[in-house]
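Asker: Each protein sequence line maps, in turn, to chains A and B.
Numbering-wise (this note's numbering), the first sequence opens with residue 699 and increments by one.
Numbering-wise (this note's numbering), the second sequence opens with residue 699 and increments by one.
Hints are computed from structural coordinates only; laboratory data are not their basis.
Please note that the accuracy of each hint is not assured.
Which copy? The list can't say, so a pair holds if one copy fits it or any two copies do.
[Claimed, not checked] As a list, the in silico DSSO-like pairs of lysine-lysine whose alpha-carbon atoms are at most 30 Å apart:
1. K900 to K790
2. K790 to K948
3. K948 to K978
4. K900 to K804
5. K857 to K833
6. K833 to K855
7. K978 to K998
8. K725 to K804
9. K724 to K857
Number of protein chains: 2
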Amino acid sequence: MSDYTFGIAIHGGAGTIEKSLMTSEKKAAYMEALETAIDAGYEVLDSGQSAISAVEAAVIELENCPLFNAGKGAVFNSIGQHEMDASIMDGKTLHAGAIAAVRNVKNPITLANIIREHSDHVLLAGTGALEFAEKFNIQIETDAYFHTDHRFEQWQKIKGSDDFQLDHTSEKKYLGTVGAVALDQNGNLAAATSTGGMTNKKFGRIGDSPLIGLGSYANNNTCAVSCTGSGEYLMRAVTAYDISCLMEYKGLSLQEAAEFSILERLTALGGDGGVVSIDKAGNMAMVFNCDGMYRAQRNKNHKEIAIYK
Amino acid sequence: MSDYTFGIAIHGGAGTIEKSLMTSEKKAAYMEALETAIDAGYEVLDSGQSAISAVEAAVIELENCPLFNAGKGAVFNSIGQHEMDASIMDGKTLHAGAIAAVRNVKNPITLANIIREHSDHVLLAGTGALEFAEKFNIQIETDAYFHTDHRFEQWQKIKGSDDFQLDHTSEKKYLGTVGAVALDQNGNLAAATSTGGMTNKKFGRIGDSPLIGLGSYANNNTCAVSCTGSGEYLMRAVTAYDISCLMEYKGLSLQEAAEFSILERLTALGGDGGVVSIDKAGNMAMVFNCDGMYRAQRNKNHKEIAIYK
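Please model the entire structure based on the sequences and the hints provided.
Answerer: Below you can see the structure in the form of structure tokens.
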């Protein structure tokens, strides 16, 4: 039996998730997708595999689901393409891998994980990352695979304007990213984050999701964190690493650290968003400063799937 | 008279700077270039202008000097191009701007600063960043401007191989970046960092220099930091923000924080590099864990220019 209360938490984005637009069918679809992903990650942990494998497995499920803004469900940029960002970090070694503005990779988190394992680098961008991927057995999809009607309609509404959306409400308030954090039976932590960025994004904008310490962070001495929300604010607040530092340098608990970083720091800057996080004892904190966050958590004693507060 | 001991510190990269290869002419040229840059930044502060303007002015001088790996002296990537990264952060507002993998911009730090001021985004990459720049009066140079014979020779030695160099010794040990940190007469802090990355780099590699919290960080409550060194290690250690957190959450002085972050943390990971930093009282710390760091600092009482320990 494990000495560690192994467990996993995931998110599928945070923001204004209007209840009036949320039909019971739609809600059920989201809840089912979150359950599929949390169970996929949990099974990896339960079988004794690593936290890195668990967060990758959970994020792959979220990337393969068209409901979330990552992988198949990635939003359209200003020229109708899907440019995806992802990052993954191993809390045991502090090794990390990440990609930014990469097209046509079915599972960006898998490419980020390959970079973590096989590259001297941490972050590869654009066609260069694809060139690196050629050496590995990475599944490539056509642009058509990433076409989903609801994302296309979102884009059509603002295409050609200078407007951009963090995800898919007209209020620019749903902030789409997916992510996972896990503690495995050996006491190792990992974090992963993946996104399609913002609808109609241009100028090669890169957000927090592919950035270590900003969108994702994991360290066996403290915690693992995956962020979602208004990326520019999370970047300026260095949110993922901030939570780790609050634990390490100030002695806060994970819950206190996540609450301070999101409810005080990010809010003071004017940013919206949230985090899922887990510490080295298996405590989990899911904190957000907006209406809702698609999220789930599971360990051997507890399973929870939720959208609203 | 100012209540603040305003001042500025700069670096031109850190690493193994072999004394046997350093002629007295070469050393004099580096010392003169560092003096030009520190004086340019100091004059901005002395005239009452902002820390942001001072760090931009100092970095522009370093970018315009062919001796340093940034701007005109940027190294060649694997296909003979100059792809540059830069970031700048204002400690008063925590606003930041950054560019990654951008070609042909004479002064990358100026484009980063324009993004800080005029964009909703923090980080723009590649041709997208250039497209954004079109709206502003940014000086563009031909590829020929960025050709320097010594960088070309470095590239020729490893071109076509899988090797890459952090800068310009065959030992891969000189880690080229330039940066500046400043405190102005109004008590505002700022940080700026700029680089051409690694000789023969490929796969769209992005290092720490354009990343907020990793290569650059500034916060009026704590300090301003610019990093140089082995970028992947600085990324995994989240070095710039780590120093700020050690001050804010653990109560360390700037010198203690910079020493812990570089001499303990970065060293334990296996990374080489250093930082220049300044706190809200005007104390400066220049710390590195390798043979040398091209560096300078100046306030009203003191001026220092140095290469070795």
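Asker: Provide an ascending list of the numbers of those earlier hints which the structure does not satisfy.
Answerer: No numbers; nothing is violated.
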